[in-house]
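Trainee: Protein chains in written order, with this note's numbering: chain A, 1 to 262; chain B, 1 to 262; chain C, 1 to 262.
It is possible that part of the hints are untrue.
Residues of chain A clear of chain B, computed beta-carbon distances all greater than 12 Å [to be verified]:
#1 Met1
#2 Asp14
#3 Thr19
#4 Ile24
#5 Ser26
#6 His38
#7 Glu105
#8 Ser127
#9 Gly132
#10 Val215
#11 Pro223
#12 Gly250
#13 Thr262
Okay, derived cross-link-like pairs now, DSBU-like style, lysine-lysine, Cα gap no bigger than 35 Å in a straight line [unchecked claim]:
#14 A:Lys247 / B:Lys120
#15 A:Lys106 / C:Lys169
#16 B:Lys107 / B:Lys166
#17 A:Lys13 / B:Lys166
#18 C:Lys221 / C:Lys169
#19 A:Lys13 / B:Lys120
#20 A:Lys13 / A:Lys120
#21 C:Lys106 / A:Lys13
#22 C:Lys106 / B:Lys120
#23 C:Lys166 / B:Lys13
#24 B:Lys120 / C:Lys13
#25 B:Lys120 / C:Lys107
#26 B:Lys106 / C:Lys106
#27 A:Lys169 / A:Lys107
#28 A:Lys247 / C:Lys13
#29 C:Lys166 / A:Lys106
#30 C:Lys166 / B:Lys221
#31 A:Lys13 / B:Lys221
#32 A:Lys13 / B:Lys13
#33 B:Lys107 / C:Lys13
#34 A:Lys166 / B:Lys221
#35 C:Lys120 / A:Lys221
#36 B:Lys221 / A:Lys107
#37 A:Lys107 / C:Lys120
#38 A:Lys13 / B:Lys107
#39 C:Lys13 / A:Lys120
#40 B:Lys120 / C:Lys221
These are calculated hints, taken from the structure and not from any lab test. Built from N, CA and C at the ideal position, the CB exists for glycine as well.
Each chain, letter by letter, is given below.
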Amino acid sequence: MPILTLTTDFGTKDGFVGTLKGVIWSICPAAQIADISHEISPQTVLAGAFALWRAVPFFPEGTVHVAVVDPGVGTSRRPIAARLGGHTFVGPDNGLFTPMLEDAEKKGWRLEIVHLMNEKYFLRDVSRTFHGRDIFAPVAAHLANGVPLANLGPAITDPVRLSMPKPEKTADGWRAHITVIDGFGNCTTDLPAASLAECANVVFRLRGREVRGLVASYGHKQPGQLVALVDSENYIEIAIINGSAAKTLGAQVGDVVEVVTT
Amino acid sequence: MPILTLTTDFGTKDGFVGTLKGVIWSICPAAQIADISHEISPQTVLAGAFALWRAVPFFPEGTVHVAVVDPGVGTSRRPIAARLGGHTFVGPDNGLFTPMLEDAEKKGWRLEIVHLMNEKYFLRDVSRTFHGRDIFAPVAAHLANGVPLANLGPAITDPVRLSMPKPEKTADGWRAHITVIDGFGNCTTDLPAASLAECANVVFRLRGREVRGLVASYGHKQPGQLVALVDSENYIEIAIINGSAAKTLGAQVGDVVEVVTT
Amino acid sequence: MPILTLTTDFGTKDGFVGTLKGVIWSICPAAQIADISHEISPQTVLAGAFALWRAVPFFPEGTVHVAVVDPGVGTSRRPIAARLGGHTFVGPDNGLFTPMLEDAEKKGWRLEIVHLMNEKYFLRDVSRTFHGRDIFAPVAAHLANGVPLANLGPAITDPVRLSMPKPEKTADGWRAHITVIDGFGNCTTDLPAASLAECANVVFRLRGREVRGLVASYGHKQPGQLVALVDSENYIEIAIINGSAAKTLGAQVGDVVEVVTT
Chain A
1 MPILTLTTDF
11 GTKDGFVGTL
21 KGVIWSICPA
31 AQIADISHEI
41 SPQTVLAGAF
51 ALWRAVPFFP
61 EGTVHVAVVD
71 PGVGTSRRPI
81 AARLGGHTFV
91 GPDNGLFTPM
101 LEDAEKKGWR
111 LEIVHLMNEK
121 YFLRDVSRTF
131 HGRDIFAPVA
141 AHLANGVPLA
151 NLGPAITDPV
161 RLSMPKPEKT
171 ADGWRAHITV
181 IDGFGNCTTD
191 LPAASLAECA
201 NVVFRLRGRE
211 VRGLVASYGH
221 KQPGQLVALV
231 DSENYIEIAI
241 INGSAAKTLG
251 AQVGDVVEVV
261 TT
Chain B
1 MPILTLTTDF
11 GTKDGFVGTL
21 KGVIWSICPA
31 AQIADISHEI
41 SPQTVLAGAF
51 ALWRAVPFFP
61 EGTVHVAVVD
71 PGVGTSRRPI
81 AARLGGHTFV
91 GPDNGLFTPM
101 LEDAEKKGWR
111 LEIVHLMNEK
121 YFLRDVSRTF
131 HGRDIFAPVA
141 AHLANGVPLA
151 NLGPAITDPV
161 RLSMPKPEKT
171 ADGWRAHITV
181 IDGFGNCTTD
191 LPAASLAECA
201 NVVFRLRGRE
211 VRGLVASYGH
221 KQPGQLVALV
231 DSENYIEIAI
241 INGSAAKTLG
251 AQVGDVVEVV
261 TT
Chain C
1 MPILTLTTDF
11 GTKDGFVGTL
21 KGVIWSICPA
31 AQIADISHEI
41 SPQTVLAGAF
51 ALWRAVPFFP
61 EGTVHVAVVD
71 PGVGTSRRPI
81 AARLGGHTFV
91 GPDNGLFTPM
101 LEDAEKKGWR
111 LEIVHLMNEK
121 YFLRDVSRTF
131 HGRDIFAPVA
141 AHLANGVPLA
151 NLGPAITDPV
161 RLSMPKPEKT
171 ADGWRAHITV
181 IDGFGNCTTD
191 LPAASLAECA
201 NVVFRLRGRE
211 VRGLVASYGH
221 KQPGQLVALV
231 DSENYIEIAI
241 INGSAAKTLG
251 AQVGDVVEVV
261 TT
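Starting from the given sequences, assemble the full structure and let the hints guide the process.
Mentor: Following this line, the structure appears as structure tokens:
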């Protein structure tokens, strides 16, 4: 059964997501459809990129991922589809797929990106404000049905890229950044845990607070304690046991985390 | 594969929606089920009607739509099922299906409405407070399995109807109304874009603010600007680029939008 | 088609739930997956237990239920799977399945519980913080594929149990407790409606307010009235018609409801 995923900033109140599923099942009735998130903060392309990037490795090859965080809908920004290794991505050309693209390049995967121009695979009437429904969902459903990517439009090699946060090497460690704050208030950073593999000691400083060392998991300290640990994607995360590090610290995406190693 | 949709005011915290799916899959195991919305404001039948109405055209013929915004549950209000053209609707007889019924009548579609009385298609024990689970979900699943509508109860011709908002013609244009405020804060009105097709100029006034002309889409003005545009259902919408018109203007469903054309 | 359900405290913003579905469909591509709730208050095992318990009876035999409210993730708390009658449960051994276990014992069903130790059925890399993804989802998908429970690990007979609230008999009735507050603000108690079957009159007292008698359903009183009624699981519930009893009364889970019968 073909598998599709949806990542949007639509929210779930207004029926937009249900509408996408109606469009998809009209074209590909057996599709399994997973919602990744529909609560990306409106228009925050980077947040959408991270949410999708963390989920993608757990879907099987052949999955088609639709992502719509699209402040430029109805302008000249291109609609695109990208096949990166075994996964296919459909959405606006605004950088949403940057982390998957960077991973694919690192791994030397075959990349194939097209500008969606073949209106045969769109809904008949394309609105100016809802390309998720009128272009991306139907194109994704046709891809799930096996339509070749090349049929959808001309190849492109210059997709828009976001500037992804990266940790900077400092004299005594790293300057990392908070990349994602999850619903528990855990603050993930851009520092891969592997960067600390050789260190005897490590101290993390953010928002005037200091955390010494890493704990193995949330259950290894008392509720209320501020800790650092390796998150489920193998990046360093700052958390409060059974609490919200984000709220307690007032932490925000983009905040610097100074990492001192010895 | 049979397709069903769900539109309720149940929220997603308490497991009620999952329970509906358990009931449906117990009867129709292959059903594809799309959530339209479960965040309709409690007991606001009109909001539920609009959410469903906007999604329905994007589902294939044969879809069965369950809608439960049901302040009268357990009283003498009738449970009904309505086949309107190729779509079937199941829920309380309180006006939830009015816009689909009006559309079907305009298009001259065949209408078939029944009062759900055949308890053979209900769960064995019917509670007084959760007919979504005990009546509407099982009936919908049986319909998806091909049970004829006529088996479910006697035909009726007098379903309850909501008074749907309609724009009024004025001396110099229209008096329109806000019908739906979506999660972005965009304010859709009851004025079809086609009403303005012949106008050289148009001005919209609401909440002491004025908007001149229509923009093509959100990306055609600067963030923060108040604009009017054609929404994805071809109605006039008032929006703030990358912001919330509803919050900024304090706009509410039902607000009048004065439209002056020349 | 195999059916699985998911009950977690993950929220729906971060993509964790979508990731579980990717894992499940990678192993069991035809699975139907129902979300019970992902809005269990973080780490409140009892709330998760109640949400799941209310949904389970409406799923067909053979359903596999994954539940992850797991403050002890990454510690020595055991991952388990339990087959209770025709339903199978997968999650942490922290009491999440207590009400289903108590029901199964009352009914004399066959119980089979195993400590998940066979890593062959886990994802290859198991993180310290996301066993929902790395252990529970893949194990559940293998169970849905027909893998025998006994293959997953050694049998255990001492699962952790929560102390479930129970009403206490008093001189003139019952001391009941609020067990669940739903999204409407309705307050369900632990008092089975059957306990009141023989009573001519009944008065409920909570938070300084008094309710006399039971109403048949929400539609039988005026909006704003405080009422008691039988909920959809046949327990006594305190509600405000078209309003929120929880907000109006300031009621909380665990509050005592004094029940005086004559």
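Trainee: All the hints need checking, so say for each whether the structure fits it.
Mentor: Results of checking the hints against the structure:
The non-interface label for Met1 (chain A) is inconsistent with chain B: the shortest C-beta to C-beta separation is roughly 10 Å, within 12 Å. Distance check on Asp14 (chain A): its Cβ comes as close as 4 Å (rounded) to a Cβ of chain B, failing to clear the 12 Å threshold; non-interface status is violated. At roughly 5 Å from the closest C-beta of chain B, the C-beta of Thr19 (chain A) falls inside 12 Å, breaking its exclusion from the interface. Annotated as non-interface, Ile24 (chain A) brings its C-beta within 12 Å of a C-beta of chain B; the closest such distance is 9 Å.
Taking the minimum C-beta to C-beta distance to chain B, about 4 Å, the non-interface status of Ser26 (chain A) is violated against the 12 Å cut. At the 12 Å boundary, the C-beta of His38 (chain A) falls inside the reach of chain B, the nearest C-beta of that chain being 9 Å off. For Glu105 (chain A), the shortest C-beta to C-beta distance to chain B comes to about 29 Å, beyond the 12 Å cut-off, and the non-interface label holds. For Ser127 (chain A), the condition that its CB be more than 12 Å from all CB atoms of chain B is violated, with the nearest at approximately 4 Å.
Distance check for Gly132 (chain A) against chain B: the nearest CB is about 9 Å away, which does not clear 12 Å, and the non-interface claim fails. Once the 12 Å rule is applied to beta carbons, Val215 (chain A) is consistent with being away from chain B; the minimum gap is 31 Å. With a least beta-carbon separation of about 23 Å from chain B, Pro223 (chain A) lies farther than 12 Å from that chain, consistent with its non-interface assignment. Gly250 (chain A), annotated as away from the interface, keeps every beta carbon of chain B farther than 12 Å; the closest lies near 23 Å.
Non-interface call for Thr262 (chain A) relative to chain B: holds, since the shortest CB-CB distance, roughly 45 Å, exceeds 12 Å. Taken as a hint, the Lys247 (chain A) and Lys120 (chain B) pair is broken in the structure, with Cα atoms around 53 Å apart against an allowance of 35 Å. A threshold of 35 Å between alpha carbons decides the hint, and for Lys106 (chain A) with Lys169 (chain C) the separation of about 68 Å lies outside it, so the pair is violated. Of the supplied pair hints, the one linking Lys107 (chain B) and Lys166 (chain B) holds, its CA atoms being roughly 18 Å apart against a limit of 35 Å.
At roughly 23 Å between alpha-carbon atoms, Lys13 (chain A) and Lys166 (chain B) fall within 35 Å of each other, so this suggested pair holds. Of the pairs offered as hints, the one joining Lys221 (chain C) and Lys169 (chain C) holds, with about 29 Å between alpha carbons and a cut-off of 35 Å not exceeded. Restraint check for Lys13 (chain A) and Lys120 (chain B): the C-alpha separation of about 34 Å stays at or below 35 Å, so the hint holds. Between the alpha carbons of Lys13 (chain A) and Lys120 (chain A) the distance comes to roughly 31 Å, so the proposed pair stays at or under 35 Å and holds.
Of the supplied pair hints, the one linking Lys106 (chain C) and Lys13 (chain A) is violated, its CA atoms being roughly 41 Å apart against a limit of 35 Å. With a C-alpha separation of about 29 Å, the suggested pairing of Lys106 (chain C) with Lys120 (chain B) holds against the 35 Å cut-off. For a cut-off of 35 Å, the pair hint linking Lys166 (chain C) to Lys13 (chain B) stands: about 23 Å separates their Cα positions. Under the criterion of a C-alpha separation no larger than 35 Å, the hint pairing Lys120 (chain B) with Lys13 (chain C) is inconsistent with the structure, at around 40 Å.
In summary, the hint linking Lys120 (chain B) to Lys107 (chain C) is supported, as the alpha carbons are separated by about 27 Å, within the 35 Å threshold. Between Lys106 (chain B) and Lys106 (chain C) the CA atoms are separated by roughly 57 Å; this puts the pair beyond 35 Å, and the hint is violated. Taking the CA atoms of Lys169 (chain A) and Lys107 (chain A), the gap is about 23 Å. The hint holds against a cut of 35 Å. With a CA separation close to 17 Å, the supplied pair Lys247 (chain A) and Lys13 (chain C) stays within the 35 Å bound.
Of the supplied pair hints, the one linking Lys166 (chain C) and Lys106 (chain A) is violated, its CA atoms being roughly 58 Å apart against a limit of 35 Å. Proposed proximity of Lys166 (chain C) and Lys221 (chain B) is contradicted: the alpha carbons are some 61 Å apart, above 35 Å. Simply put, Lys13 (chain A) and Lys221 (chain B) have alpha-carbon atoms about 26 Å apart, close enough for the 35 Å limit, and the pair holds. For a cut-off of 35 Å, the pair hint linking Lys13 (chain A) to Lys13 (chain B) stands: about 14 Å separates their Cα positions.
Only pairs whose Cα atoms come within 35 Å are accepted, and Lys107 (chain B) paired with Lys13 (chain C) is rejected, the gap being roughly 40 Å. Simply put, Lys166 (chain A) and Lys221 (chain B) have alpha-carbon atoms about 32 Å apart, close enough for the 35 Å limit, and the pair holds. Distance check on the hinted pair: Lys120 (chain C) and Lys221 (chain A) sit about 30 Å apart at the alpha-carbon level, within 35 Å; holds. Proposed proximity of Lys221 (chain B) and Lys107 (chain A) is contradicted: the alpha carbons are some 40 Å apart, above 35 Å.
Distance restraint check for Lys107 (chain A) and Lys120 (chain C): the Cα-Cα separation of roughly 27 Å lies within the 35 Å cut-off, and the hinted pair is therefore satisfied. Using a Cα cut-off of 35 Å, the hinted pair Lys13 (chain A) and Lys107 (chain B) holds, with the two alpha carbons roughly 29 Å apart. Annotation: proposed proximity of Lys13 (chain C) to Lys120 (chain A) holds, straight-line Cα distance about 34 Å (limit 35 Å). This hinted pair checks out: Lys120 (chain B) and Lys221 (chain C) have alpha carbons roughly 30 Å apart, not beyond 35 Å.
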